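Asker: Here is what each chain is made of, one letter per residue.
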Amino acid sequence: MTDSNAHPDAPQPIDTLVDAWYVVTMNETRDIIHRGSIAIHDGVIVEVGKTADLERRYAPAQRLGGDRFVAAPGMVNTHIHITGEPLTRGYVPDDTPFEENVFVWLTNLYAAYAEGDERCSAQLAATEMLRSGTTTFLEAGTVRLLDEVFDGLAETGIRGRLGAWVWDLPPEPDVYRQTTDEAIARLDDQLTRYRSFAEGRLGAWSTVVGHTTCSDPLWKAARELADTHDVGLSFHMSPAKSDPDGFIAEFGQRPFEHLDEIGVLGDDACATHCVHVDDREIDTMARTGTSVAHCPTTALKVSYGVTQIGKMPEMVQRGVNVSIGTDGNNASNYSDLMRATYLVAGLFKDGRIDPQMFPAEKALEMATLGGARSMTMDDQIGSLEVGKRADVVLHDTDRPEWRPLFNVVNQLVWSADGRGVHTVLVDGRVVVEDGHMTTIDEAALWAEAQQRGGDIVARSGLPDRAKFPVL
Amino acid sequence: MTASGDSPFPELKKTHTMARTGRPYTDYKPPAAAPVWAAIEGYGRFHVLVAALELGAFEALARADRRTGEELASELDVSAPHLTTLLEGVVALGFLEHHHGHFSLNDTAKRYLLVDGPASMVDLVPVSPGPLANWSDLTETVRTGAPPSPIDDDPAAFYRPLVAGTFTTIFRCASRADLKLRYSALPAPLVLDLGAGAAPWSCAILGANPGATAVVNDLDGVVDLAEAKLTEHGLTDRCEIRAGDYLEIDVEDDSYDLVVLGHILRAESGDRARALIDRAARALKPGGRVLIGDYFADRQRALEPHALMMGVTMMASTRHGRVFRYADLATELRDAGFEALRLIEPIGFQMVAVGTLAPGGTTP
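Protein chains in written order, with UniProt numbering: chain A, 1 to 471; chain B, 1 to 364.
Extracted from the complex, chain A is given alone in its bound form (with noise of 0.2 angstroms):
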């Protein structure tokens, strides 16, 4: 990157220059600096400061941005399905019972995915992350046909860890029946080809379904697969009461004594949803250092009462990492963090009758640095920092929910969401450019989406509930 023949004080060059209005950093002491800009070279933030500074120091191939936009980290979704449901986003009617919403309707589409549907799946699941400022997921874990997913999603641009459909006690549906071995081969050869793919931005982590699926031998595995290939570990848990009636009945311990108990958990580990859990399962969490996502449209569709008996205050109290995820597609019909981060700001200060519940600025931290946390990719992801990759949002600031502009957290948070993101970059690679995906053809991904879902829903058998009459 550096020339010895050049003027000491000649410019630098670097591939760009992005400038903004504000540049949310989300750094150590959470600056925020107006007129700043992000030198970015080979992938990578080399400095963010004032755009004057920046403009003298460096000599960028392209400058991006200006005074209209707001410059905020990539946020991180560490909780959803990126297929299985985005093709059947909204037929599930939103008055089922969480047991009839899951085995009656949500296995069911899953199973009904056909070869060409997951790739299709993914892409589209990236395209609404991406075109609404998320940067980087985790999978929940319930990919199929993992070759064709991470083909798509590498042509997004977006970045991510996931995993194959992983579990070994139901017997049903057939397309995902396992044994224990079968299960544990499975988490193996995922882990064996796809550790790293496109670049590394794309990759797979030791995902089982979680829940009371597994046998220990596969939590166990699950594990020992994730130390051995030095990835994370997910799964869901307790979103909720039938998890923890079932590891009660079972072992005589809640999920996460239990999961404790056989060396499950770990600072690596991020358990999902996390609603129906007890004081002592909070301090097993903190103590081990497993992060939650917690997925608060999911839990508001499905009538999981997490401003009831949801424990996330206590939490963040006791340190644990609690990041954010928008779930399914049928369990929360966006994958808008924005709109997620809203609601967890919203949800407990209502549950609570408290307005100190999960600050605005609380909440941007969960949606950005708490869910590189929770991905163990603090040191790369999650802040607008030198040395970090560049995942960089602009949001644009010609739009009415944005102006006037005054508490740029609070405007992120409560005032804006997905539909203000104007240009991406992951890696410093713009993927999203005035509101548009650059890397594929939305047209087609529109047209092909609605054709397969349609096909999915035919395949499912699944009863069409929308109770308004169609003429």
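To be clear, the hints were calculated from the coordinates, so they are not data collected in a lab. Check each hint, because a few of them may be wrong.
[As the list claims (entries may be wrong)] In silico DMTMM-like cross-links for lysine to aspartate or glutamate, where the CA-CA straight-line distance does not exceed 25 angstroms: (1) A/50 to B/335; (2) B/285 to A/47; (3) A/50 to B/339; (4) A/362 to B/178; (5) A/241 to A/227; (6) A/301 to A/47; (7) B/285 to A/350; (8) B/180 to A/28; (9) B/285 to A/55.
Keep in mind that this is a model prediction, so the values were computed, not measured.
On the provided structure of chain A, position chain B as indicated by the hints.
Answerer: Same frame as chain A, but now just chain B:
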């Protein structure tokens, strides 16, 4: 009101109103006299606190968890019944607990009324109202339009105790302001501290940023207090002292990263205050920030009692001193070329207006 126009409180009607007297019902209740009593007691409340501080009562209680009036009087070598009465007054102010004959500090006293308290206001309390004699002349000041003994006639004599007494609080304000301003992260900033007093802002900024340097200004008879504090903080080698009127000393154009106008605008006439803002704008580099510590009235000059009382304090002791509205200051700052205006409150009751000099710099 009920549909019949009758009282919504029939039980009152039966026993107290026109049911017996024949007079029309009214639910008007006279306002409480409490605000009047609060004003009457104001004079006494101030002196109770000052006396307790001067006697060292809070410090003595800090050394000994809880004490009776007699025990404290013995330690402080004062009259026991008188001290007990005084401390009961402090209990009324809400700074002490009094249980079973024992006095003890409450959290407010521990935080604000101990010399080493985390947010000590001990030095601030006695000097904050200004010269006490001027309050006795307030009626005359209003009649004649000027205080009989304005501090303007001998500013150094007035400002010396004031800046010494306010240092602790303003230093804490200036230190906490870093959380909002991050001056500690600026690369080698040059600070212009006009009317610096004992230089709390320079001490805070230079203390937090090892690369920072400052030009510190105040009047001839005051600036030695700044030098003393800078010496105490080990910062003299990074400061240049420029004594004199802040509108008359030499100041370089387009050179400074921060200009501090700490609690000086309200002591000035409107014209001189505007000239100070223009001077700050010329001195700053584009992107540099002006920090204006003051007490700002609200838009209708009715809703911010602390600022309104500060206006009276200024009137009681100065010829031109006044409290102005943040809205008016913001207009002046914009006219002078500032943008990204913010009003921050680094600590309670201490407001700081912040403006950034726009890239175009000052207007011609």
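Asker: Now look at each hint and say whether the structure bears it out.
Answerer: Against the structure, the hints:
no. : hint           : result
1   : A/50 to B/335  : holds (23 angstroms)
2   : B/285 to A/47  : holds (21 angstroms)
3   : A/50 to B/339  : holds (15 angstroms)
4   : A/362 to B/178 : holds (20 angstroms)
5   : A/241 to A/227 : violated (30 angstroms)
6   : A/301 to A/47  : violated (42 angstroms)
7   : B/285 to A/350 : violated (46 angstroms)
8   : B/180 to A/28  : holds (14 angstroms)
9   : B/285 to A/55  : holds (16 angstroms)
Hint compliance for this structure: hints 5, 6 and 7 are not met, and every other hint is.
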